[in-house]
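J.: Protein chains in written order, with the numbering used here: chain A, 1 to 396; chain B, 1001 to 1177.
Don't read these hints as lab results, they were simulated from the structure. Being a predicted model, the structure only gives us computed values, none of them experimental. Relax, there's no trap hidden among the hints.
Pairs of lysine-lysine, DSSO-like flavour, derived with a Cα cap of 27 Å:
| # | chain 1 | residue 1 | chain 2 | residue 2 |
| --- | --- | --- | --- | --- |
| 1 | A | Lys-322 | A | Lys-210 |
| 2 | B | Lys-1169 | A | Lys-316 |
| 3 | A | Lys-316 | B | Lys-1154 |
| 4 | B | Lys-1054 | A | Lys-325 |
| 5 | A | Lys-385 | A | Lys-252 |
| 6 | A | Lys-305 | B | Lys-1081 |
| 7 | B | Lys-1059 | A | Lys-304 |
Computed footprint of chain B on chain A; a stretch qualifies when at least three of its residues, placed anywhere within it, have a C-beta under 8 Å from a C-beta of chain B:
| # | segment |
| --- | --- |
| 8 | 217-227 |
| 9 | 290-303 |
| 10 | 328-341 |
| 11 | 352-361 |
Facing chain A, a subset of chain B residues (Cβ under 10 Å, in silico):
| # | residue |
| --- | --- |
| 12 | Asp-1050 |
| 13 | Ala-1088 |
| 14 | Arg-1119 |
| 15 | Gly-1122 |
| 16 | Ser-1123 |
| 17 | Leu-1158 |
| 18 | Met-1162 |
| 19 | Asp-1166 |
| 20 | Asn-1171 |
Idealized CB from N, CA, C, for every residue including glycine.
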Amino acid sequence: MRRIFTFAVMLCCLLLSSIAGAAQITDAKWGVDAENVVRLVVDATEPVDYTVENGSGVLTLTVDAPYKENINKTEKIRSSLAPSMQTVSMGDKTVIKVHLSRTLAATDYKSFTLKKDPKTNRPYRVVLDITADKKAASVSSKPAAGTVVSSRPVVGNKPVSGSKTTVVKTESKPVVSNASTSEKKQEEKQTVSPAAVKGSGKFETKGGLKGKVITLDPGHGGSDPGAVGADGTKEKDVTLDIAKKLEALLKKEGAKVYMTRTTDKDVCGPYAKDADELQARVNVAEQYNSDLFVSLHINSSVNKKIGGFSSYYYPKTQYDLKIAKAIQNKLTANFGVDDLGVREANFYVVKRCSMPATLLELCFISNPKEEKLMNSNWFKNKTAKMIAEGIEDYFK
Amino acid sequence: MKKLIVLLLMLCSLLSVAGCDMSGESNNDKQPAQVEIKKISFVVYRPTADGSEKLLAEKVTMEDNGKSLPENALRAFIERKPQSDKAADIVPPGTRLLGLKIAADGTAYADFSKEIAKRDQGSYNEFMLTGAIVNTLTEFPEIKQVQILVEGEKVTTLSGHMDLEDPLKRNKTLLQK
Chain A
1 MRRIFTFAVM LCCLLLSSIA GAAQITDAKW GVDAENVVRL VVDATEPVDY TVENGSGVLT
61 LTVDAPYKEN INKTEKIRSS LAPSMQTVSM GDKTVIKVHL SRTLAATDYK SFTLKKDPKT
121 NRPYRVVLDI TADKKAASVS SKPAAGTVVS SRPVVGNKPV SGSKTTVVKT ESKPVVSNAS
181 TSEKKQEEKQ TVSPAAVKGS GKFETKGGLK GKVITLDPGH GGSDPGAVGA DGTKEKDVTL
241 DIAKKLEALL KKEGAKVYMT RTTDKDVCGP YAKDADELQA RVNVAEQYNS DLFVSLHINS
301 SVNKKIGGFS SYYYPKTQYD LKIAKAIQNK LTANFGVDDL GVREANFYVV KRCSMPATLL
361 ELCFISNPKE EKLMNSNWFK NKTAKMIAEG IEDYFK
Chain B
1001 MKKLIVLLLM LCSLLSVAGC DMSGESNNDK QPAQVEIKKI SFVVYRPTAD GSEKLLAEKV
1061 TMEDNGKSLP ENALRAFIER KPQSDKAADI VPPGTRLLGL KIAADGTAYA DFSKEIAKRD
1121 QGSYNEFMLT GAIVNTLTEF PEIKQVQILV EGEKVTTLSG HMDLEDPLKR NKTLLQK
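One chain only, chain B, in its complex shape (with noise of 0.2 Å):
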């Protein structure tokens, strides 16, 4: 009877540790301190704020965090608000860079949270979401083209209009005057 007992409260506290752990994960995601402050600065393209189908250049210099530049561009882009009114942010609400890979070929694999591939925004702000993407990536001369995944899987679509199968190469056409 007392094994039993013993048992049973073993297999208890087991399950309630590893509650505890499933929990715990998120922890482990603080920042380095910082101990030299140097500054960075890269380009980020925002859609104007008029809907045409333009793309401003906006230029971003923040501290270095030991962050690749196309990283922080990229992150730039989603996280930060634009610095001119002029410029729109199209960026679904609660999008976050999962990560983003650079392959030997030119290929960058940019790895989005689900709320990018929100249902409810119209093309034009699925072309330019993509287009401000591909664009401030192929800044870097590193990048040829990118491919756009969402939690890590490649996807046929954002919300039923681009077509995302292959990566997707740099838009002049967006950039002109």
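Okay, chain A solo, but in the shape it has when bound (with noise of 0.2 Å):
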């Protein structure tokens, strides 16, 4: 009798201990995007509950689990707005710190948590942003007409009553707290919409590429590798160094050349969702008044005999198809592989951006003969130089 007694409690202790001691914190960083906006990811590997308290001078978040060991941090963050946070274990809770240069309103951050994501390896997330200082980055809130704009309706942050607020896992536990579950989802899809840079509206399309405004976007990064070959090679590499190339050879004949992204790295940061993402290399363009945007891809198919490039448009303005069309022609002109023609397609960067853009196809990963050529600096060079003459040929 004993023995089962003793070994119910020991049972008993394993089960409830595999259910309440599960979550651990993982990771705790900021981050500063584009628009000014400092936002703290805290990494946990199970949902976890957290509150958010706004002190005099310091933001308070506290997360329900440990951290993965104790620790005592205090680190610089790139904004003067909140100059520092410390992340410190407390017992079964961590605790992140952010000082702060002035005192907040209640308008001024938002918290809300991400769940796993499992196509990107993330893990569950509660983010912490301030919002208090975001530039007016979205300047003309009004989209110039026939420019196409998101239809998500963009919402503003929720009036907080009180300075603390509570907020409750979003996953489908009972709920123990004052807010709703519905509430939290609702709240956890505004805060993610990212607000649309409009530029002037205003764009070149002759006298040549001297002087000419031009966004390259190498296609993924950083957290999202893109299209994978049978060999490893990785969309997000080659799209990188071709668009490399290209930014110097077109900067040579005078343009300027602004890039989505330098590095291997994602655009609106680790952490964001796709439409942020996308949006993110939208507001590059717009944000410096662009003539014109071009999209670099790596193709991929289920189908690996399928090669050859292709060039997309969105026909929003007259010289969405004279792009693709310039820079198809010299491409094909000048490999031996196929050409898939100038295609139209409902892709989100060459639709949303006001300016005439392209998204360029340079090959399949997914051919075995294609994934050789495209590691090879003879291909990436030429593919550049060809792009630039098309590009070129179009201002012309």
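With the hints as a guide, bring both chains together as one complex.
T.: Shown next as structure tokens:
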């Protein structure tokens, strides 16, 4: 009897501990995005409860799970509003204090959680955004006539009563606090919608390359490798290499070139949702009032025999087809790979920017011959050169 | 003391019962027994195997399983291999149809498992996949446009190229000879 009792107790302890003690904090980091929003992201192995407290000069995020090891770390943040943050283990909780240069209003920050994303290997996350110094990058919130903008409603910050907000986990566990799950879900969505930057809506299409503003967008990057070939070649690396070569060629001809990324990183940040990540790329083009937007990609298909170049456009101005054609002509005339043609497609980046744009698919990583090709400097240099010549033709 | 033991045992059995429940959940998916065999047929669109931007119509005939024609057509596109080697199977492996709802305004909400939002698929695959789904569904007059959902949620894109925030309409260009 004694034995059974002991066994039962042990079993219960085991079960209980596996249920209650599962969540752990694996990382806490900060970032400042292009719009000057300070973002703290706490990675957790499981959904966790958290609270945010707005004190004078300190914003405290308390997460109900221990940090993976005992921690007491202070780090600088590249922000004049929130110059530093401190991550401290407090028993079963992890406390992150953001030191502020001034006191925040309840609408100056917002918090939400993001679900585990097996697709991109991202863990559960608690996110705290400090938006007090958000730049008016979204200057003209009124879209220019005829341009395509997101149909998503732009929702402002929900007014928060009192200085302390309690939020519960988003998972389907029983809700124990005053905030309802549906309310939480809604919050999660509205916080992540990125502000679409709108430029002047004007662009040049003539007069040569000199002085033209061109934004180059090396597809994917950072946490998103894009397509991956059988030999391990990653789309994000090939697109970046070609974009850098193209940047140099265009600059030599006197164009002003902006890149959505110059290293292996996500444009919006490693914690961005798809909408933010794609919009961030469009925003770069808008911010600099670009005359042209060129997004570079490598194609892939489950059919390994398919290969070739294709140039995509969205017919929003009369010049989108023109730029796609100009580049496609150069590419296909100078390589012995298939010409898949100029194609119209409902692609996010080319559809949502206001200036003429094209998305180039520079061969197939899924085709073994082409994968080998795109690993050679010869291919990357020549592709860059052909695209540059196509752009030059377009601006003639 | 005895009370404590009883309490603990009860707690244990409660927990173990809860565990059983969760693992046994997937068993109630059984098909009802078929009584009469009736044939149904419909068209499924699949991309050509040569990589050109075209869809081929494929006629599928199957036993009536009581499900709606649009749902059967979408399931056939996802679950069946192409009948001809002129057509390619471009559905990411593991993709399942979680539901199909047709709203009164003619918008079909096609909900897929997360596998469909495969990162490692080029724009060609993403474009033809969405085009095949939309054209297969809009073959039915009650469906005018299609909103693709992943695990019940609206998505911006499947793999970083297509803009899926608004419902997609039939793409006639893909059907031209």
